[in-house]
Structures are given as C-alpha cells and as structure tokens.
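Student: Sequence:
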Amino acid sequence: MILTLKKRLLPYLLGLIIICTTLASCGTPAEIFSSMAMLKEQRRFDTYTNALFIQEMKENTVNLHYTLADPEEFGIKNHKISLGNYAKEKSDETKAYLENMSASLSGFRYEALNTKQKLTCDIMQDFCNRQLTAAPLYYYNEPLRPTTGIHSELPVLLAEYEFYKPCDVADYLALLTCTESYFAQIAAFERKKADEGLFMSPYAAETVIKACDAFTLDPETNFLISTFDSRIDSLSGITDDKKQLYKKQNKSLVENVVIPAYENLAAVLRELKDSGTNTAGLSHLPQGKEYYEYLVQSNTGSQKSIPQLQKRTERQRNLDMAALHGLLAKSPNLLKAGEQALAAEEPEAILEHLLDAMQKDFFPAANSSYEVNYIHESLEGTLAPAFYLTAPIDDISHNVIYLNKSSNYSGIQLFTTLAHEGFPGHLYQTTGTYQAGLAPVRALFSYPGYTEGWATYVEMLSYGYAGLDEATAKMMMHNQSALLSLYASIDMGIHYDGWLLADVVSFLKGYGITDLDVVKNIYELIVEEPSHYLKYYIGYLEFLDLKDFAKSRFGTDYSNRAFHQAVIRIGPAPFSILKKYLADFYSTQE
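Numbering (the working numbering), first residue to last: 1 to 590.
Simulated from the structure, these hints should not be mistaken for laboratory data.
Misleading hints may appear alongside valid ones.
Okay, derived cross-link-like pairs now, DSSO-like style, lysine-lysine, Cα gap no bigger than 30 Å in a straight line [what the hints assert, rightly or not]: (1) K311 with K289; (2) K405 with K210; (3) K289 with K165; (4) K580 with K304; (5) K247 with K273; (6) K289 with K304; (7) K289 with K192; (8) K88 with K77; (9) K58 with K248; (10) K251 with K77; (11) K118 with K551; (12) K547 with K304; (13) K509 with K336; (14) K210 with K520; (15) K58 with K40; (16) K474 with K330; (17) K88 with K248; (18) K242 with K77; (19) K116 with K58; (20) K311 with K165; (21) K165 with K243; (22) K247 with K80; (23) K77 with K247; (24) K192 with K95; (25) K474 with K336; (26) K360 with K116; (27) K88 with K192; (28) K116 with K77; (29) K520 with K273; (30) K580 with K95; (31) K247 with K58; (32) K580 with K40; (33) K95 with K165; (34) K116 with K311; (35) K90 with K192; (36) K520 with K405; (37) K474 with K360; (38) K210 with K165; (39) K289 with K330; (40) K547 with K118.
Let the sequences and hints guide you as you build the complete structure.
Tutor: Next comes the structure, spelled out in structure tokens:
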C-alpha cells in the first residue's frame, strides 16, 4: 500500500486555479510540421503542463511538501498554507477547471508532440474524463473511510513531514493551525451527506470515532509532539533557543488545535451515527451503482466492465485452485512445509535479500536509501499492516516503509509484505519511475491500479525469491492469489450485485470459510471501503494480461527484465495507455 494524501486528487480536492491559455481548436486535420514548428509546439506543451504543476503545488501545503523537497528549484517561492478545501463551491470550481484543461489538451497539435509528451497528454485527458464523470456524484465520496481516510493518514503525513530547511518548520506549524477549519469542512460535508441520505453505516462511523478517540487519548504525550521534537533536534541552521520556541509552539498547537479538531469531528460523527440508513453496499443507494463503476475504473485503471472483471476474477481463481490441487495431489505435505517456511529476520535484512534476489527479473534499482519505521500504537488499529510513504520527485533518497506491529507479520508473510512495499514493489517502482524522467505534472495524477497492481504482481513473484523449493513457492503464490480473488469477488458482489451478509456467508462457505465472526468482519470492511481490494487484485490481473500481450508482441525478444523496465519507464497510467506505449519504452538494454 502506498500512503500519500497528495495522490488522491478527486475533483473536489484538486484546488486548482484555471489557467487561461489560448490554444488552437481541437479536431484540426493532421499536418506535416517542420522541425522548428514541432519544437515550438513541444515547448508550448511543456510550458502549459509546468505552469499547471506549479499552480497545483501552491494550492496545498501537504501536496507541495511531499512532492518537492526544494520548491524554489521549481520557481515556487510563495505559497499559501492549506490542507485543501472540502467546500462544495470548490467542487464546482474544479469541475470548470477540468473542463478547461480537457479543452486545452485537445487544442495541442498531438502529432507534433514527442512520445513522452503524447503519453502525458493521454494520461491527463484520461484523468479529466474520469473525474468529470464523478462530478455529479459529489456526496457519494467518503473522506473518512476507516483504514484509508484522512483522519488516519494525516497524522502519519504530519509525523513524517521532513524539515529540509528552517522555513519548513514555519510552514508545518502554520499547517497545524489549518486542522480545525479543514476538519470543520469535512464535518459539514458529512452533515450534508446525512441530509442526502448518504451517510456511512453506523458500524463504519463507530470505527472512525474509535480511531479519533485513540488519537486524542493522551494529548500531552501525542506522538506529533515527540516526532516533532526529534526532527527539530536534528535540524541545523537554527539556534537552541529557536528550537525550544518551536517545540513549545508545536506542543501548544497539537494540544489546542489538532486534538480539539479530532474531538469535534468525533462529536459530529456521534451525532450523525444513526442517520446512516444503508448498512449494505453502494448498489443499495440511488446512484450507488453508477458511483461504484466510477470508483472501479478510477481505482483499477481497467477499461473492462464490472461483469467482465467478475468473469476474469473467477477464471483466475479457477486457474489458481486447479494449480493448487495439482501441487497438493503430488505432494500432500506442501501445506505443512508452507506453514514452516522462513525463519524470522529483521526487515532490513529481508529487503537486502530481495534487492539481490530480484536481479534476474529486474534492472538494477535506482541509487536511493530507505528506512523502516513502525506505526505509532495509537494508529495501529486504523492503518494498514504496512505501507510505503512516497519520496519527493526531486529527492528519491527519502523513502520510508511503515510496518504495523499489531499485524504480527513474520516469516513468509513479512517477506512478501516487504517485497510489496519495498523491492521490487512500491519503493523500486517509484524511484525507478522518477529516475526515468517523468514530467513533473505526472505527479498530480493517481492510478492506484498501476501502483498497487504492480506491488501485488511482484509480491507474487517474490515467493520465488524466498529460498523455498519451487513447489512450495508456487503453492503459496497460487493460494495468495486465490484468497485475494475472494475479496475481489465479494467487493463486486456487495457493491454491484447487492450482496448482503447472508450472500457473503454462502459464497465463502463454498471455499471452506465458515467462521461467522470472520465473515462479518470481511463484509463490514468491504462495505466501508468499496473497490479498495480491486486496485490490488484487478491491477494484478491487468499486469498478468499485459505480460501475456508483451510475450505475444515481442516474441523471442521478450524478457521479464525488459517488460518490467518498460512498465517502470511509462509510469502510473491506465492499462490501455500502458499497452499503447509498451513498445515505445521496451528495450532489452539496461
């Protein structure tokens, strides 16, 4: 899982100001350009995308800081301090902006652009089209999803807010003052959702309330105080007196602004908790099915319809189950061997092992560093078992992998989790993509199906890197793939077909899962987080299909290393665009 608030840019969160650009009308016939005319058009495109990137960076302090380590190098010297804007009027403004951007992109002479610019243009147009479909469904969005919501992610983003320069400290402290108004906007948004009959289920609200309560339990020892103190102590260029002043200011803001913001949000949720009349999936809401179709396309990057995805999921599950049965028929003791696989190792040692073992299938990793941290205990109950915190695009050395101690991961489970988050997963993909020289504007557009699909795909490969015998590695890989397919089928069943708890009980019973408490937990989690599992599993399946396409397309010139590197060089994109550009970026040369 990648944790980065800046990457989840839905229309009402973009916070962009319309850039007025006079462009030629779209639909003009193809022309033969002189090299000078082509260069002029390419420069015009870069000017437009760079201006858009800079404007977006100025609008949100978290976006800015987690995207750029040195904003001044990009010409950004003055920016407002903001966590974003959840007001409805901002949504209307952003809709107009997206329409303007789509028209502007259509006005460029597409055939004059170079390959990387065409790729960027296609991705931006896809983003506009995708987000505009969701604009009428504004109140179907849920910013407070139990495990991926703003209330859970923001504390980690604040705790990891790097102080590169003394001015970053001032920005950070000013950012804390925004918490109260930002959460007030979210609370107002939730009230409007309740008025529209779209408020979350009571059990989802209770989960969020508990998370807020855990975060505010002991204000004087809140981890935003201790983590700030540590960063200040290691910052050079300021006096000890100034450091003490900053520590005092931070402690006061945490106790008197941030904590009350969470307490007020929890109070509003308690007030609204029982107004959530729908305790089932999105399909039980008036336009819920339409919104779910948008979510699935947005989160998976797949162009397939949901019925097609359901069939593809079932087909892969049948393939995995058949492979499992075949392996176990030959070696009945494989299950016991799998349970005993891998002794416990330190995460850093596992990552170094993975970095070495992956060389046969992947080009060398970018020259970068990383650290492994543990989620603070106050957030253990609300955050994922692990996640990778993305590096700034201008500093690939700052990579952080977080582990959740409450998950108790060890052995092969820890090994494959670190493959997912680190090498050759998120860390490898992110730093490799940055090193490939993507246009800065690409950092604004999120494609979870690519990022999580890639990490799931390489996680499956990592069973072969663990030092297990081939049969055991294959058995565990097929088993993991089959398990993930169950979550995917349940997700689509609940939110598209209208499954209730009884339907999920019946479905899982067919696979030997009968613990009612476990099934209920699965049901409620998927109700709370629609399409969450699809970005992993459908993204994984799309990579399998893309790999098959590459093998067919390149024949004897195909290699895993070249395929993987082409995907890295293209970067996050819908799978139809990845397929379109694969040959342009495919090379067997390192």
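Student: To test your reading of the hints: which numbers does this structure violate?
Tutor: Failing hints, ascending: 3, 5, 17, 20, 33, 34, 38, 39.
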